[in-house]
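Novice: Read off the chains here:
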Amino acid sequence: DGGITQSPKYLFRKEGQNVTLSCEQNLNHDAMYWYRQDPGQGLRLIYYSQIVNDFQKGDIAEGYSVSREKKESFPLTVTSAQKNPTAFYLCASKPGTSGYNEQFFGPGTRLTVL
Amino acid sequence: GNSVTQMEGPVTLSEEAFLTINCTYTATGYPSLFWYVQYPGEGLQLLLKATKADDKGSNKGFEATYRKETTSFHLEKGSVQVSDSAVYFCALSELQGAQKLVFGQGTRLTINP
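Protein chains in written order, with the numbering used here: chain A, 1 to 114; chain B, 1001 to 1113.
Next up, chain A with everything else stripped away, as it sits in the complex (with noise of 0.2 angstroms):
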């Protein structure tokens, strides 16, 4: 069956921290996206990547980094540069190089300073 898978769902961190949110998809699909959600708020790019051992800032990049060593892995970090990294973060992945084509969601993260 093939999907996004993101891990755990839900997470918390202590002041001062870095955790790092699991993105995998069996979909073969090029492209991964990771996007952050804030309460009635639509969602924001945080980094992207359109192939293996290449990715690019997306519109709020501070605190956070990434990597894709494999085609199916875009790990996010969460650093403790982000200073307000309580939200809802969610991953996508998109087949082909085509800006028509849509993109497909995991279930999300729910990230929690304490």
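Derived by calculation from the structure, the hints in this document are not laboratory data. Worth double-checking, as some hints may not be accurate.
Stated by the list, open to error - Derived coverage of chain B by chain A (criterion: at least 3 residues anywhere in the stretch with Cβ under 8 angstroms from a Cβ of chain A; other residues may be distant):
1) 1025 to 1039
2) 1043 to 1052
3) 1083 to 1094
For every residue, glycine included, the Cβ atom is placed at its ideal position computed from N, Cα and C.
Mind docking chain B on chain A? Use the hints.
Specialist: Chain B alone, transformed into the frame defined by chain A:
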């Protein structure tokens, strides 16, 4: 830059009522347009899409038509059900660069029995 503006929510309707959620966009060129739905605590699911002017996307009784003249992509359903209660997002896909989705702020829909 590109942007999407959605009807302010929340929206509350009775079962079997007619639904319209307005969406307008500003974009360079002619992007693809999407409606996504989000149920509580879950990720986004694609509801429908349209890739060119006058295209009509449809799924599960929902419809939306890509109107280039009015730069709109309004979501409609003739008879809503309690199970349609969710948050609905209108989005466009940028055709260059990151090819990211640009989202509206979302509209929370509640259907009462």
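Novice: Hint by hint, say whether it matches the structure.
Specialist: For each hint, the structure was consulted:
Only residues whose beta carbon comes within less than 8 angstroms of a beta carbon in chain A count, and the segment 1025 to 1039 of chain B has 4; three or more means the coverage holds. Here the segment 1043 to 1052 of chain B counts 6 residues with a CB under 8 angstroms from a CB of chain A, which clears the bar of 3, and the coverage holds. Residues of the segment 1083 to 1094 of chain B lying with their CB closer than 8 angstroms to a CB of chain A number 4, which satisfies the three-residue condition for coverage.
Every hint from the earlier list agrees with this structure, and none is contradicted.
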